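Using this note's numbering, you'd call the opening residue of the sequence shown number -2 and step up by one each time.
Derived by calculation from the structure, the hints in this document are not laboratory data. Owing to the predicted nature of the structure, the values given are computational and were not obtained by experimental measurement. Certain hints may be false.
Said to hold, decoys possible - Derived lysine-lysine pairs resembling DSS-like cross-links, with alpha carbons at most 25 angstroms apart:
hint: 1; residue 1: K73; residue 2: K40
hint: 2; residue 1: K40; residue 2: K80
hint: 3; residue 1: K80; residue 2: K64
hint: 4; residue 1: K64; residue 2: K118
hint: 5; residue 1: K91; residue 2: K72
hint: 6; residue 1: K80; residue 2: K118
hint: 7; residue 1: K40; residue 2: K64
hint: 8; residue 1: K64; residue 2: K42
hint: 9; residue 1: K42; residue 2: K91
hint: 10; residue 1: K118; residue 2: K72
What the hints assert, rightly or not - Listed next, with one range per pair, are the computed distances between beta-carbon atoms:
hint: 11; residue 1: P139; residue 2: D32; range: 40 to 46 angstroms
hint: 12; residue 1: M108; residue 2: Q20; range: 32 to 38 angstroms
hint: 13; residue 1: Y97; residue 2: R70; range: 26 to 32 angstroms
hint: 14; residue 1: V117; residue 2: R48; range: 28 to 34 angstroms
hint: 15; residue 1: G90; residue 2: Q20; range: 21 to 27 angstroms
hint: 16; residue 1: K123; residue 2: S71; range: 35 to 41 angstroms
hint: 17; residue 1: I138; residue 2: D101; range: 19 to 25 angstroms
hint: 18; residue 1: S7; residue 2: M108; range: 27 to 33 angstroms
Each residue gets a CB set at the ideal place from its N, CA and C atoms; glycine is no exception.
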Amino acid sequence: RNRLPFVLTSDEVPEYNILYVGQQQEDELHCYVFDIAPKTIEKNKRYFQGRVWVDDHDFQIVKTYGKTVPDIRSKKGENLFPKFTTWREQIDGKYWFPTYTRADDVLHFSMQEVHIREIVKYANYKRFGSNVKITYEGKEIPKDQKKPEQPQPTQPQK
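Model the full assembly from the supplied sequences, consistent with the hints where possible.
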């Protein structure tokens, strides 16, 4: 399972160590701040590790900062995850939904380091429907087009 954006359900709470860090103002919201990490990591399961800001009025997650764990390193390849921040807003005065996620991190692969920058904007929430627009370097990619060619990693200089 993917962990972008992070959602913590009541069923998943027992899987995490949750440490109260304090209180903090986040924009106009007064928040409780928690550090969370998985208690154990089960094979083939993804978790979130990082910091969570919870609104002190609705007790909803309004911001997260952290990453999906564990990174995957095997003989078949590597799948590393960047640290990301997600902001949420109250939609229709009732539910808190992610509206913006940003990652700007360096992934340390065995062959090389890769700087990754990713922005995801969530908008126009509707019940039972969605529209997706993918942009690459500021230009929209048509739905029927393959993803842009990526440069291939090179061997590090010794």
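Right, here's what the structure says about each hint:
no.	hint	in the structure
1	K73 - K40	holds, 16 angstroms
2	K40 - K80	holds, 21 angstroms
3	K80 - K64	holds, 4 angstroms
4	K64 - K118	holds, 18 angstroms
5	K91 - K72	violated, 47 angstroms
6	K80 - K118	holds, 16 angstroms
7	K40 - K64	holds, 17 angstroms
8	K64 - K42	holds, 14 angstroms
9	K42 - K91	violated, 31 angstroms
10	K118 - K72	violated, 35 angstroms
11	P139 - D32: 40 to 46 angstroms	holds, 42 angstroms
12	M108 - Q20: 32 to 38 angstroms	violated, 44 angstroms
13	Y97 - R70: 26 to 32 angstroms	holds, 30 angstroms
14	V117 - R48: 28 to 34 angstroms	violated, 19 angstroms
15	G90 - Q20: 21 to 27 angstroms	holds, 24 angstroms
16	K123 - S71: 35 to 41 angstroms	holds, 40 angstroms
17	I138 - D101: 19 to 25 angstroms	holds, 21 angstroms
18	S7 - M108: 27 to 33 angstroms	violated, 41 angstroms
Violated hints for the displayed structure, listed by number in ascending order: 5, 9, 10, 12, 14 and 18.
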